[in-house]
Each structure stands twice: as C-alpha cells, then as structure tokens.
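Undergrad: So the chains spell out like this:
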Amino acid sequence: MTTITPKVKEILSWYESENPGVKANLFRLLTTGKLAGTGKLVILPVDQGFEHGPARSFASNPDAYDPHYLYKLAIEAGLNAYAAPIGSIEQGAETFAGQIPLILKVNSANSLTSGNIGDQAVTASVDDALRLGCCAIGFTMYPGSDSFYGMQEELAEMSKEAKAKGLATVVWSYPRGGKISKEGETALDIVAYAAHMAALMGANIIKVKPPKAMIDLDAAKATYEKARVPMETLAQRIEHVMQACFAGKRIVVFSGGEAKGTDALVDEISQIAKGGANGSIVGRNAFQRPKAEALELLSRIVQVYANAA
Amino acid sequence: MTTITPKVKEILSWYESENPGVKANLFRLLTTGKLAGTGKLVILPVDQGFEHGPARSFASNPDAYDPHYLYKLAIEAGLNAYAAPIGSIEQGAETFAGQIPLILKVNSANSLTSGNIGDQAVTASVDDALRLGCCAIGFTMYPGSDSFYGMQEELAEMSKEAKAKGLATVVWSYPRGGKISKEGETALDIVAYAAHMAALMGANIIKVKPPKAMIDLDAAKATYEKARVPMETLAQRIEHVMQACFAGKRIVVFSGGEAKGTDALVDEISQIAKGGANGSIVGRNAFQRPKAEALELLSRIVQVYANAA
Amino acid sequence: MTTITPKVKEILSWYESENPGVKANLFRLLTTGKLAGTGKLVILPVDQGFEHGPARSFASNPDAYDPHYLYKLAIEAGLNAYAAPIGSIEQGAETFAGQIPLILKVNSANSLTSGNIGDQAVTASVDDALRLGCCAIGFTMYPGSDSFYGMQEELAEMSKEAKAKGLATVVWSYPRGGKISKEGETALDIVAYAAHMAALMGANIIKVKPPKAMIDLDAAKATYEKARVPMETLAQRIEHVMQACFAGKRIVVFSGGEAKGTDALVDEISQIAKGGANGSIVGRNAFQRPKAEALELLSRIVQVYANAA
Amino acid sequence: MTTITPKVKEILSWYESENPGVKANLFRLLTTGKLAGTGKLVILPVDQGFEHGPARSFASNPDAYDPHYLYKLAIEAGLNAYAAPIGSIEQGAETFAGQIPLILKVNSANSLTSGNIGDQAVTASVDDALRLGCCAIGFTMYPGSDSFYGMQEELAEMSKEAKAKGLATVVWSYPRGGKISKEGETALDIVAYAAHMAALMGANIIKVKPPKAMIDLDAAKATYEKARVPMETLAQRIEHVMQACFAGKRIVVFSGGEAKGTDALVDEISQIAKGGANGSIVGRNAFQRPKAEALELLSRIVQVYANAA
Amino acid sequence: MTTITPKVKEILSWYESENPGVKANLFRLLTTGKLAGTGKLVILPVDQGFEHGPARSFASNPDAYDPHYLYKLAIEAGLNAYAAPIGSIEQGAETFAGQIPLILKVNSANSLTSGNIGDQAVTASVDDALRLGCCAIGFTMYPGSDSFYGMQEELAEMSKEAKAKGLATVVWSYPRGGKISKEGETALDIVAYAAHMAALMGANIIKVKPPKAMIDLDAAKATYEKARVPMETLAQRIEHVMQACFAGKRIVVFSGGEAKGTDALVDEISQIAKGGANGSIVGRNAFQRPKAEALELLSRIVQVYANAA
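Protein chains in written order, with the working numbering: chain R, 120 to 428; chain B, 120 to 428; chain Y, 120 to 428; chain F, 120 to 428; chain C, 120 to 428.
One or more hints might be untrue.
A pair holds if it fits inside one copy or across any two, identical chains being indistinguishable in the list.
[To be verified] In silico DSS-like links for lysine-lysine, alpha-carbon gap of 30 Å or less:
| id | residue 1 | residue 2 |
| --- | --- | --- |
| 1 | LYS142 | LYS126 |
| 2 | LYS368 | LYS128 |
| 3 | LYS282 | LYS345 |
| 4 | LYS379 | LYS345 |
| 5 | LYS142 | LYS368 |
| 6 | LYS340 | LYS410 |
| 7 | LYS126 | LYS393 |
| 8 | LYS345 | LYS191 |
No lab work stands behind these hints, which were simulated from the structure alone.
With the hints as extra help, turn the sequences into a complete structure.
TA: Now the structure itself:
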C-alpha cells in the first residue's frame, strides 16, 4: 500500500456516506498499477464472451481464450483493475490473488436471445465477490429499455448489500430503447443522463461511452441550446458528462468504443482525459491484439492519463 | 428542539395510531426551519435528475449539479426538509448530518423509457433511510395507471416497515392513465381522489398538484354538481382536497407545478395557503434559479405560509 | 363481554378447527352491540373512498369525510363491527380502541384504473391488523375474473397468517368476468357458487350480495331445474346461499346493494333475515345519510335481525 | 435544527467510521437545549427505580413517580437528553415526541436479587428504541464483575445493530468486583480503565463516575508514579480520564455521584468541567428535589458548562 | 500491488483450501510495507488497553492514547498490519482507509476480572471487519484453560464465517491453566502444542510467544528426550514450533514478550528470525516509546527479517 496522495484523499472525501470498507476498496482501485495515486484509472473489462460469443471475442488473438492471459495482461500493463463475469474471475482468482483489484461483473447479456434485448441476467452475487477477493461488483443497466425499472431494483438491492459488506459498486450505464434513437445511444444528452442516473442510484464508479456531438431527445434540445453547453470537441462533451455526475464528484470512466486503429484510439482517449475523465475502460482494443501490441497500446493510454493527472 | 406549539400538538394528535418514533420524526419536520411550530412546511425536492436528466434539471443554474448546493439551499432558506434519491442524499448526508430533515425518495421514474409510463423503480430501502439519518421515506404512486395496484403493494410493504422503524411516510400521488384524460390529471375530482387514496394507504404526508376547476370523471360530475362543491377559486379547490384527506386531518403539501414567473408562483401559493394547505414542495422553481434569487423566492413563499399560520 | 349464549356457542362450534384466538375474536364480533348474543350481525363497511373517490362517497354527508365520524356511527348504532382500509382504521383506532370490533380491509380496488378490472391491490397486512387491534382481516375476491387464481393465492397466504395469529377472516366474494354475464353477477347460481368458494377457502365470515331469481350458467340450469331449488322469494334464495355455505354452518352476511329508499331497504333485509342470513353489511345506505337518519335506519335493521333471532 | 457550530463539527469528525444516521443522532444530542452547539451535554437519567425501588427513588419528591414529570423536568431545564428504561420512556414518548432526545436504557440491575451482583438484565431492544423515537441506546457494563464478558458480548451485539440502524450507543461503565476493592471502584486508575474499555467497545458516548485521588490496582501504581500522572485535583483526574478515551476524542460525561448539597455538587461539576469533560449526567440530585429547586440546580450546572465551552 | 514473489507464491500455496478472497487478503498482508514480498511480517498489535488499562499501556508515551497515532506508527514504520479492538479500529478506519491492512481483534480479556482468567469476551463480528475494511479477524484462545473448548467453538464459528466472506483468520494461542504450570506457559512443548492446535483449528496466521528451553508436561518429556529435539538456542526452539505448524506451512509470528531493552529485543528477534519464523508482533515495545525511538526500533526489527528472507 502506498501513502495516500492528496488527489486520492480528495476523491475518497466525495464518498462521504460510505463505510471504511468501501473506501478501502476504492483506495485499492486508486493506488494500484502505474497510475497509482493519480486519481486516474485504466481498467481491463472482458465480458465480450457473453455479449458476442468466444470466437468473435478471442479468435483474433487466441491466447485470450485463456482467462489467465487476461489476468496477466492487466497486471503486466500496470492497470488498476480487471473486470469479468464469475467464470472468468474464478479461473485466475486464486493464481493471481491480490495482484490486481477485481471487479466481479454480476450481470451480463448475450446475443443469442432475440427477446430480452433490454435486460441482463444476474449471474453472480455479492457473496461471490467476497469469496473471490474482489474489490467491487460491476452492474450494467440499460436506461430507456423496457426492463430498466427491474434492473434498477436489482441494482438497488445488490448495491445495498455490497456497500454493507465493504465492496464498491461500479455501474455500466448503457442507454438503449425507449425514446432513444439507435444513433442517439451515444448522444451527449443521453450519455449525460445515463451517467447521472448511475450517480443517483448511488454508484461509486460510473462507466459510460464517449458522447457524440448530438442531442437526441427533442425535450432536451432547447435546454442545451439555451444553456449553450459547449459540445464541439470530445473534451467539452466529457466535461459535461463529468458535471452531470455530481459536479465531478464521482469517478467516471469511459469505454474506448468500437475497435479502431491505435492512433485514433489514443487520440480519442487524449480528448477524454483532457475533458477531466477519471479514466478509460479498454476491452476489445486491448485483448484482441497480440500481447506485445496490447501492452504497447495500454502503455500509451496509461501515459495519456499520467500526463493529465 | 423547540417547545411544542399548540398547532404542532394538534397535528401530531391526528396521527393517533403511529408509534412515538414516527411522531418524533413528524415533529422534526414540523419544528425545523423558519416555519418551525406553525404547522406549515416548505420542502425542497430534487428528483428531476431522474425525471428529466441532468441538463434539463441543472443547466440553467449549474451550481445545482453538486448535491451539496442543494443541501445548503434547503438549510439556508430555512426549509423544513430536503427530499432526493439515494445517490444525492448520500452526497451530503454526512457533511450536513442532522442539519435538515431528510426524505429519502425511494422510487423514481425517468423519461427515457417509452414503456413503464405508469410505474416507477424502487431505488432505495427503509434500511437505507435509517443508515443515512432520514426522517421519512418518500414514495410516488400513479393512481389510474396500469401499474397502480403493484405500486400500492410496494407502498404498503415499505410503509409498514418504515412505520415499525419509526420513520414517516410521504406519498406523492400523481394520477395518470386509466380513465383519466391527459388534461384531467389535475382536475379537481381526480386530485381529490388521488389525495384521498394516499390517506387511505396510511400516508403521513400527502403531496399532490394544485387542482384545476374541472371534473374529469363522468361518474363524478353529478355528485359535484349536486353537492355544489365550490371550485371557482384555487383556494376553494384546495379546501376540497384538504377535506378529502380525512376532513383536513392529514398533512397535505402542494407542488408549485411548472416553472413560472416569481409573482405568478407566489400568487398561486397564496391561494394554496388560503385554502388551508399545510405547505408547498418547491423544486424546479427553486433550484433552477441563481442562489440569491432562489433564496429570495423561498423567503417569499415561507412568508406566505407564516402569514397563513 | 357477556356470558355466552347457546346460539353463540353453537356458531363457535362450527369453527372447530380454528384456534382459540380466532374463536375469541369471532366471540367478540358476536357479542358486541345491540345484537350481542343473538348470532346476528350488522356491520358498517367503508371502503367506497377507494372504489369511488371521496366526493362520490362523502359529499352527500360531509361529516363522513372524517373517519372518526364513521367509528362513532358504528358505535352509537350498536353495530357488531366496523370495516375499512388501513388509513381510515388508523385514524380512530387509538381514540376508539376496544370500543368496536374492527375488520381491516386488506385489499381494495379503485375506479380510476381502466385495466385491472378483476383485481384488487393488497394495501395492508395481518401485522397491521394486529398492531391496530383488529378482530379480523377482510379480503375481497372476484370469482370469474382473470385474476381470480392470483387473488385466491393471496387470500390463502393472508388467511393462513391471520388464523395462526388468532384473527378471523372475512371474505367479500364478488363474482365478475369470465363466464359470468354482467346481469348474472347476482344470479342465484353465481352468488351461491361465490359464497361456497369463500367457504372452501376457509373464510370465517362470508359476505355476498343478495341473489336474484335467475340462473346464469347454462351448465347449472338443468341441475337447478331438476332439483327444483325454490328461488321465487328472496328468502328462499338466501336459504339456498346459506345451504351452499356448509349447510348453514358459516356466518354469512349480505350487502344492501345500491342506495335505495329506507322502506325498500328494510323490506329487503327482512327477506334476507327470513332466509336465515346472519346479518347485513350496510355501507352507503348508512354513511351517506345525515347521522340522525342513519341511526334511525340502522336501528330498524338491527330490529329486523333481533326479531329473526 | 440549528446551524452546525465548529465545536459540534469537530466532535462529529471523531466518529469517522459511523454512518450518517449515527452522526445525525449525535448531532441531535449536541444541538438540543441550552447547551446546544457548545459540545457540552447535561443529561437526566432515571433508572433508580430499578436500582433502589420506587420509594427510595421518588418518595422525597413524589411528583417524580410520574414519568411525565421527568420528561418535563428535562425539557424545561433545557437539557440535552433524557435516559430511562423502556417502561418510563413509553410513558411520555408520545406526549413529548421529538421534544427531547431520548436514550433508551436497554439493561438494568435491581437491588432485590442477592446473586447477579455483577450483571444486568437486558430489558429492551434496538427496535424498541426505533419505535419509541430514541436517538440512542444506553447500556451499562460492569468491568471487573464475573459477568463482564457476557455483558461485553451483549453490548457488542446491540451496538452493531444500533449503529447499522443509525442509533448512537451510550455506555455506562461502572467497575465493580474482581480485583477492584470496594473503595477502588472510583479510583483514578479504575475509572480511566473502565472509560477506556467503553471506548474500545465502540461506544459513542461514555459515562463514568468522577474519579478519586487513589490508585487501586497494585499493578498500576508504578505506572502512575513513574509517569507522574497529575491527580491532586478533580480537574486533573478528569483530564486523565478524557485522555484515556482516545486522547479526548470521545464524548465523556460524568455522574454527580451521591446526592449532596447544591453548592458542593456545583463545585464538583465545575472541577469536572475544568478538566475538559463533555458534561454531566445528573439523576438523583435533580429529580429528588422539588421541581423549582431542581430547575435552579440544573440551571447552575448548565451555566458551568456554558462557561467552560 | 506489487508483482508476486516466489516466496509469497509459495506461502499462498500452503493455503490450498482457502478461497481466493482469503488468499487475496493474505497477499495484502504479505505485500505491504518494507517487508513486502519477503514472506516476512512485522505487525503492530494494540490491545493492551483491554489487557492492562490505558495508563499502563500509554502513559509512558501519551501520544499513543490517540488511535490515529497508532495507525500512523504502523504506516510510517512500513509494517505489514495493524491489529486492534473495534473501538480503536473505528477511530482511524476512515482516515487511513486502505493504507494499512487491518486485523480486527474480535475478542479480548482484561485484568480487572479475577474470575474468567481463562476466557475472553467476543467484542466484534466478521461483519464489523467487512464494514471497516479489515483483511482479517484476530482471535485469542487459551489452550489449557477451563474455557478452552468454548473458545474453540467460538473460533470455529467465526473462522467459518470469515473464510466464507474472504477474510483471513489470525489466532493468538496463549496456553494457561489446566495442566500447565505458570512457568510452563512458555515451555517449548506447550508453545508448540498451542501453535499446533491453532493450525488444527484452521488458523491462517498463528501467533505464539517465544518458547523457553523447558518441557512442562510430564507426559511429553520422554518424547522430547527420545527424539532429541534440539532446544538449546531460541532459534532451535522456534524451528521446532514452526515444524509443529504443518512442517512450516503456516505463517507463524512471535511476540516480543515483556518490554525490554532495544538491543536485547533485537537479539531475541534475530534468534526468532534465524529459527525460520515468519515475523514478529511488536506491541508495547513499539508504542510505549517515543515515536522516533519506536520507528528506529521497528526499522531494526524489519531489517532483521529482511536479512533473514
């Protein structure tokens, strides 16, 4: 454990109503890896196996079929945490116990089912997170979907239990369905709304996608125009999302989005960092490349956040 | 704690079947702030983040993105209570512990979902209210909606638990759907019916919208005509709603409705006060203005009720 | 409590499998008021607030907006019990504690919802009945409705809990929907069937509407014809319903139906009494009149049953 | 609720691991009555009825037989809290709901039993405290007694539950038995040890007797001599006890001890205040005098602490 | 988190039946502070407040009255963990969240009681350890005492719960009473027996006192003579104790015993390290000195183990 930095101290002060157990786990997430102490985080999430099946997830880099590879990638890259479903976490939790903070992804969707589009299955519990040595549970909610209220109720229950037992709660907030257009899923108003609702649910860490320069809800357009919310650059849009999360007083991390070229990705992340984000969650862009390339990419991303700290 | 006034004593006497814990929390709500002891209440509710998203809620006064600002606004304005969802309550519950009675809003709707129009998600629990030091839980029900029976059953469960643990129950009763026309949602018969059902459910404090001079249900028209229920002025209509709440023996507060000009709002509230209402819940009209203006407005509203007491 | 009469002793003997707690509460219901010891009951039920809203329920006699008025009416009229939803019971349960047996109506419907026609919301619990000092829970079921099986399962659960905790169970059995024609809801075969199913569910007291001289179900017509079940007079039809309730070994009470003229109502009740009914439940006909008139009416009804005993 | 003072803010900061519910209740205790906001407390405890029976407790001032008298005494004297066993709390909790913070004394001893000298009976629960609207539970432990370990285990259980439900924990720590001489029960080393163990148990507020200038345990004498702990004046001894409670970072209040003359008592309390104590618990010296005298005495005591703040 | 060393990997492999949560917490204990990764540990335990009272514990270095001082001492000295009872842990758990692994001492004895010599009171729970962010619970058992079987059963229960929830279990095994002579409490056979029984109970970390060159139990003397167990030097005796703990496959740490001169202590610890111990628990020798001296001493002790690694 390293000495606490002023930045980490400030961040922990935002979580005033949490017990020391939750704060200790947030501390662990914030003081691990190359970004330790900076208040910035880079996280490796691997739940694409549920989402897209094994081949679409791992065939381009077959080493990644083995969960141990994913643990090692996160550890060697000096990341802050590794997030995955229960089966993947189990395959490595003992071998790498304590070496990297773990986020147990407790719900997941898959692409075989044609119904249930807007829902996920709860596949693990808070007690699983404790027995596997995790720092946090991770939960995905789909604002806008027909199942959203049910997902909120599941999250409220699990979050209450996690907090009581000293675990942090990470919420992936992915809008879809309802009044949201397909393209609008990453519109600025929608992403900000989704992030804000995660904060209102009591999330400790919020994960959303980088927002685009568009407003999707008609009801919101007048507001954005009148308030002249700057949204030209990605950095400006990130700033708006951070503001939507209790005036920047919640940890917010952004996905890298679709797989893309290295430079394009690093450029995008530089904008995200410039906007004040706490970090990035980089999945496919990392584990679908050969290890050396992946480490190289993650090193550049970590450097972006180190510079921004 | 102040000495009990005859008015507060009378109000507490209405809640004859509640245990002393619930009464002590009602006492706290009635003896805090500038209206302490008058039997009148002004409450700051902030759940628009769920309902309309962050920008529509806070962009016109960006200070309000920070939940601490909302706590301070309620405290500095000398209000009786602050009501919000769990995430917002958590961000301030420790800093401002004990300084303002808190109502934990335990369910919420949002405007991304196109379905679920008539339902809300339960996002917090009675135990959350206890650990966060709240005086009451707040629950919204939608009389008329297809989900109404389910909401009633959720409320019955949570209210029973809250009462056993000494917490008060505040019910937001917002009719919609079913046999109710869109315009009729604030018709006099509908608002009175909605308020009455909240009383029948055992609500300690009832929150409805100010009623319009119209009768929406055909089945009710004959009754209103025959009984010559006065409904020309807002004050008369408020009187009818108060009567519908056990002959005025429940605390009933009214929203200010849509954001509007200051004078118009104060005029409306004067009518509400004249009709015998216990108070107002003022959200957007308060937190969407710059702080100085908001304090000025709230001061005027408080004065209206002080004069009416 | 008075010494037990042979009639009450006989009635209690019917409930041979209930524990002494349930029997003591049935004893209280049977030994209160002017009909104490006769085996007859007149009960004041007030759940029209949920069903029809406050104005349609109380505008014709505004004193009735105050639940204390309803308690006093039942007590002063010398009735056996007062039945109402939780909020109304709470407003008086302490003031009038022990002065009148209470039946907590634990489910209710309302007329704002256009869906859910055949269901009710559970709005209170057996524990609520205990803490409020009630003798019984009251539950409405709708034989024939799409929700009937669900309602039966709710009743089975609540009845089991009530009995275990020494409370009696009163079942309002109101057929509607399914194979039942609108007019047939009070057909003799339907009412008898509905009453019988309440008995089969374990109800201690059964409440149905007075049956008409018609058979609604085609499948039943042959039987009624062949067996020559007498059904010309209301008294004959009541006799049939009583027979359908374990050969008269369950307490069955009948509603007065729609508000009507005093003499017509008393005549109808005389027929009901003549048929062997245990009593009447008189709601709107009682509380929608000025108090003096209501007491006068109730006095006549009580006299009818006193004469029949 | 008053605005928080720097002193109250500092005190609340000591309870860093408690949830906002516990802090809100500590806030209430610290912001009620004439000493509101000073960080000082005067508390009226009345559990002598258990300890010495009614006549020895109340015959000298028969008004005090009525628990309402005790509530009124605490309220009129502007004290911070009233502490009593469940029966006494119940007789007044509704009448005075919210007017004075309540500490539910959850265990008690009596002087009829010849055995059980070193134990107390648990006579109420955390849930009782919630339903009665109390801010805290109060628990007596007897360090040194044969039953001490059992009492610690009861306290650990009840304290855990109280904290989870947002209630504060007050521990009366009264050494007796074991290696402690009769006279040594209020020896400096023994009182400091007893107070320290209450702190180690997680007590939020600690209540001990004022210590005498003697060291009772042989094993401790060398330490006190070597460290030259000042103990000549009562103020010095109080300072040592405060130090023993986490270097003064716990609220510690002292009893007035045996009934004595007013001036002697006020002098003693002046010394206690000078030593840095947070306040006094004054029972018999208050309620065994006529009300006017009691109010006069309590006023002088409150003034002592007001001057010391 | 640092990369795992071969030594830590080996140590974790001994705990083959523990879940990854327990292993992650053992990893934390083994990879914190100056000895991180060496497989050696130095732990600061402070439960003398219960055992000997505040003055005997802290008067020689009054800064230590404040639990924050103890946290800082452990952190600044680069130790592996800090162990204390619940009250002390709470006073610092939030301020220093995550900065030092915490062992919640869940039972404690005191020296006021003359009875209960061979028992301790359970003063905290596994759930307390979770909410306070601890890595392990610490439990003392007294092999030989009349209460030993009871203590074992308490330990079995708490250890089961701790392991299921991912917490490690540290057992202080202090023989006394029964067939053990006073002097024999630290005899080689007795210490080895006590350590072995802790291992048999499933302890993850075992804490015993350094053994003397004597055999206490007559029944054991023949065995030790026949087997010629070397016991002349302390290092030899430590080796024997390590062997008794599953052939060295459990983490065993030794106390420094009574406060003594720095050089004498370091010499003793050098012998302990030479014998293969995993580390030392240094309480009074550390916190009863002025901070600079304490840091100097702890630095020398840490160096001893660093050299031995």
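Undergrad: How would you classify LYS368 and LYS128 at a CA-CA limit of 30 Å: within, between, both, or neither?
TA: both (12 Å within a copy, 22 Å between copies)
Undergrad: For LYS345 and LYS191, with the copy left unspecified, which applies at a CA distance of at most 30 Å: within, between, both, or neither?
TA: This pair counts as between: shortest inter-copy Cα distance 26 Å, intra-copy 49 Å.
Undergrad: If the cut is 30 Å between Cα atoms, do LYS126 and LYS393 qualify within a copy, between copies, both or neither?
TA: Within one copy, since 17 Å is at most 30 Å while 41 Å is not.
Undergrad: Please sort LYS142 with LYS126 into within, between, both or neither, judging by C-alpha distance up to 30 Å.
TA: both (14 Å within a copy, 26 Å between copies)
Undergrad: Regarding LYS282 and LYS345, is the shortest C-alpha distance of 30 Å or less found within a copy, between copies, in both, or in neither?
TA: For LYS282 and LYS345, the Cα distance exceeds 30 Å both inside one copy (39 Å) and across copies (45 Å).
Undergrad: Cα distance capped at 30 Å. Does LYS340 pair with LYS410 within a copy, between copies, both, or neither?
TA: between (44 Å within a copy, 25 Å between copies)
Undergrad: Is the C-alpha distance from LYS142 to LYS368 at most 30 Å within one copy, between copies, in both cases, or in neither?
TA: Result: close both inside a copy and across copies, 14 Å intra and 22 Å inter.
Undergrad: Using 30 Å as the alpha-carbon threshold, which applies to LYS379 and LYS345: within, between, both, or neither?
TA: between (35 Å within a copy, 16 Å between copies)
When each numbered hint is compared with the structure, a violation occurs for hint 3 only.
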